[in-house]
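Enquirer: Protein chains in written order, with our numbering: chain A, 75 to 291; chain B, 2 to 218.
Warning: the hint list may mix true and false statements.
Examples of chain A residues toward chain B, derived with CB under 10 Å [stated by the list, open to error]: (1) T121; (2) H145; (3) A148; (4) P172; (5) Q173; (6) E178; (7) P193; (8) Y234; (9) I235; (10) Y240; (11) G269; (12) V270; (13) H285.
Where chain A lies over chain B, by a calculated footprint (3+ residues, C-beta under 8 Å) [claimed, not checked]: (14) 72–85; (15) 124–133; (16) 155–165; (17) 195–208.
The following label-pair restraints were derived from C-beta to C-beta distances [to be verified]: (18) A/G119 / B/A38: 49 to 59 Å; (19) B/F73 / A/L191: 30 to 40 Å; (20) A/V185 / B/F35: 51 to 61 Å.
Derived by calculation from the structure, the hints in this document are not laboratory data. In this text the structure is predicted, and so the values were computed from the model without any measurement. In this text, a Cβ means the ideal position worked out from N, Cα and C, and glycines have one as well.
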Amino acid sequence: MKGVLKPEAAAAMIPDGASLMIGGFMAVGTPERLIDALVARGARGLTVIANDTAMPGKGIGKLISAGCVAHVIASHIGLNPETQAKMIAGEIGCELVPQGTLVERIRAGGVGLGGVLTPTGLGTEVEDGKQVVEVQGKRYLLETPLTADFALIAAHTADYIGNLSYMLTAHNFNPVMAMAGRTVIAEPDSIVPLGVIAPDAVKTPGVLVDHLLIRKG
Amino acid sequence: MDAKDLIARRVAREIKPGMLVNLGIGLPSMVANFVPAARGVFFQAENGVIGLGARPPEGMEDRHLTDAGGGFVTAVPGAAAIDSAMSFGLIRGGHLDMTVLGGLQVDEEGHLANWKVPGKMVPGMGGAMDLVTGADCVIVAMQHAAKGQSKIVPRCTLPLTALRRVDLVVTDLAVLRPEADGLHLAERAPGISVDEILAATEARLVVPAEVPEMRLD
């Protein structure tokens, strides 16, 4: 862990055109203060890899509304009409990926695998242009790994060296993305002394985390 | 009885004690209302909880505990919080006993289309492709027709969700069981005749001599 950052310093570190993995599922478990800082900085041309684009006014929806995003890789954009409208108008490029495939592509990128073989998407539009591989008599799609310049993570608790724990349905994509970003910035609800998070409760080891967002106020 | 209640009550009868079940958002989520707690069923929400419970009391909602539609929920005693990789590992890996999803079309081969209307609605597939590919049992819960158009069709004209033949289709008019030789008319909704069902169905149905009425208890 390299140290704590104020939101504006984190946003300044992320250049226009960067690729970002952003944790969250319908804005639950999404680093809202990091997103607010990117909007305030007027970031442009970002590629966002995330489960969804939330809804207008929440989480990633704020990046979409503010025109920060050029490209989205997500499993679902149905609850954000702005993303759909911008996609149809050609302002945002959008790659839709089955949710289970998306998380495994990110996992593959983070753990050094050359791809994933999944039956999901066989015989559908998702198969178009992809290699089909037969293993032990079963057919699979070869899906490629995903990495990003930055992973923006929301955690429930962090300690001083960046060990992270998560709460209930706010885990979602966060632990997996924390392995797949070249620079990992975590926004915890609380920062606690070393030892307060028991080793068994650590879901993201601090060695993966480059920066913590300083607590509010 | 309200058509959606009827569908949800009929689907609930398929859920057996001890099952792990995933309910889609919208109509399918209503099925939980008709499954008694004593049946010992665990509901999975793919955003990351096994053991989804009812809505929390007013004022007790917490943003770290929502269902896949983003609504506030509770967790039952014995619940487990999981990340998206584990969640879809359960789904794809054959650990999920049943999924109940909504549908746009089901055809004579038992194929489901439920994620895209080209040029009109492109919400993304979310978890639907993984669920239909991986669950032990796939039940489609939907209205028999939309805007006067039968949703039970000879061949899906909308993009398929998966190649897999679904196991059961429950509508406000009928229960259909897709088999290798076509869609079997298994049950009639209360007060609905076989002729009424055939008149409302664009697909060819296999009709046995006796078609019992749905049981809803």
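Enquirer: Hint A/P172 vs chain B: min CB-CB distance below 10 Å?
Expert: 4 Å, holds
Enquirer: At a threshold of 10 Å, is the proposed contact between A/Y234 and chain B supported by beta-carbon distances?
Expert: Since chain B brings no Cβ nearer than about 23 Å to A/Y234, farther than 10 Å, the hint is violated.
Enquirer: Take the shortest C-beta to C-beta distance between A/Y240 and chain B; is it under 10 Å?
Expert: This hint holds: A/Y240 lies near chain B, its Cβ roughly 8 Å from the closest one there, short of 10 Å.
Enquirer: With a Cβ-Cβ cutoff of 8 Å, does the stretch 155–165 of chain B contain at least three residues near chain A?
Expert: holds (count 5)
Enquirer: Verify the interface restraint on A/Q173: the C-beta must sit less than 10 Å from at least one C-beta of chain B.
Expert: 4 Å, holds
Enquirer: Is the interface hint for A/V270 satisfied, with its Cβ closer than 10 Å to some Cβ of chain B?
Expert: 18 Å, violated
Enquirer: Holds or violated: the hint that A/T121 contacts chain B, with Cβ atoms closer than 10 Å.
Expert: Where the cut-off is 10 Å and the nearest Cβ of chain B is about 17 Å from A/T121, the hint is violated.
Enquirer: With a cut-off of 10 Å on the beta carbons, see whether A/E178 makes it to chain B.
Expert: 7 Å, holds
Enquirer: Taking 10 Å as the limit, does the beta-carbon of A/H145 come near enough to a beta-carbon in chain B?
Expert: 15 Å, violated
Enquirer: May I ask you to test the interface hint for A/G269 with respect to chain B, counting a Cβ-Cβ separation under 10 Å as satisfied?
Expert: 23 Å, violated
Enquirer: Using the nearest Cβ pair, does A/P193 come within less than 10 Å of chain B?
Expert: Status holds, d = 5 Å.
Enquirer: How about the stretch 124–133 of chain B: do at least three of its residues have a C-beta closer than 8 Å to a C-beta of chain A?
Expert: Contact hint for the stretch 124–133 of chain B vs chain A: holds, 8 residues under 8 Å.
Checked against the numbered hints listed earlier, the structure breaks hints 1, 2, 8, 9, 11, 12, 13, 17 and 20; every other hint is satisfied.
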